[in-house]
Structures are given as C-alpha cells and as structure tokens.
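**Student:** Sequence:
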Amino acid sequence: MEATTAMSPAGITSATDYVVSAFSKLTIGQAEQYQTRFGVIRYASSVDLIADLNVYTSTADLFDLTISSLNETGTNIEGAIRLATSKFASASHRPAARPVLIIVGSTYESGGYNDPTQAAREFHEDGGNNH
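Be aware that the sequence shown starts at 1, since it is given in full-length UniProt numbering, and climbs by one per residue.
Incorrect hints may have been included.
[What the hints assert, rightly or not] Cβ pair distances, simulated, as ranges: (1) GLU125 <-> ASP17: 29 to 37 Å; (2) SER8 <-> PRO95: 33 to 41 Å; (3) THR117 <-> GLN33: 28 to 36 Å.
Keep in mind the hints are simulated off the structure, nothing from the lab.
Predicted model, so just to flag it, every value in this text is computed and none were measured.
Beta carbons are placed, not taken as given, at the ideal position from N, Cα and C, and that holds for glycine.
Please take these sequences and the hints and turn them into a complete structure.
**Tutor:** Below you can see the structure in the form of structure tokens.
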C-alpha cells in the first residue's frame, strides 16, 4: 500500500477499506488448504512490513488493519515488491500456494529507485501474479 504524502491519510483509509472489503469475502487463516494468507507492506521512500503472512488468523482480524501515512514523497515500489518476494520465500508462506501481489497506490515517481517493472517481471516469471 502506498503511504506517500500524495496518497493522503484519507486516501490511505479509503484504499485500506476497499482492500479489507475485498478480502473479507475470502476465508483468511493459516490452514494449509482452503484459506488465504494475507500480508501487508507499506511503501513510500521507505518500505515497511506491516503484517507478515502469518499475522492474520481469521477474516475478522482484517478489520483491525490500519496503515499510517509516511511523510515521504518517494514511491519505492521496487523495494515493496522485493520485500513481498522475500516473504513468499519464507516459512510464513505455504509452498503449494501461488503467490499473489496486489499493489495499491495513486502515484509513481520515477528516479531514485530501480525500475519496478524488472522486479515485477521477475516475480511473475517465478510463478507469482501481480495486479
């Protein structure tokens, strides 16, 4: 989730509400089958792991999700993709589950970071879905 000054706190809240609404239709949990694991990464100039894939144990847990704005203007999408990719390679990810990456943002400022399309392409080539 983008957390730049361009996104604004109201924009982050609106986007978070949308994501929670969409994912609340799934069965969130940690079982090996028939449940979805859900993680959250916040990015601006910096990149932070808000919730690893093993944090949410039920769909009801999603309603506690809050993402605060960062006082930063950069859009380090490449860093967010790399962090997500590392989490998909960790023990918190189910080996048989296909990784899916959804990027929620309102702006992209080139320069200062690596081009995120290369990281997205690598993620996709390794079997992941990015939206």
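**Student:** The structure should be examined with respect to each hint, and the outcome stated for every one.
**Tutor:** Each hint tested on the structure:
1. Distance hint for GLU125 and ASP17: a CB-CB separation of about 33 Å, consistent with the stated range 29 to 37 Å.
2. The supplied range of 33 to 41 Å is met by SER8 and PRO95, whose beta-carbon atoms lie about 39 Å from each other.
3. For the pair THR117 and GLN33, the beta carbons lie near 34 Å from each other, so the given range of 28 to 36 Å is met.
Against the hints set out earlier in the document, no violation occurs for any number.
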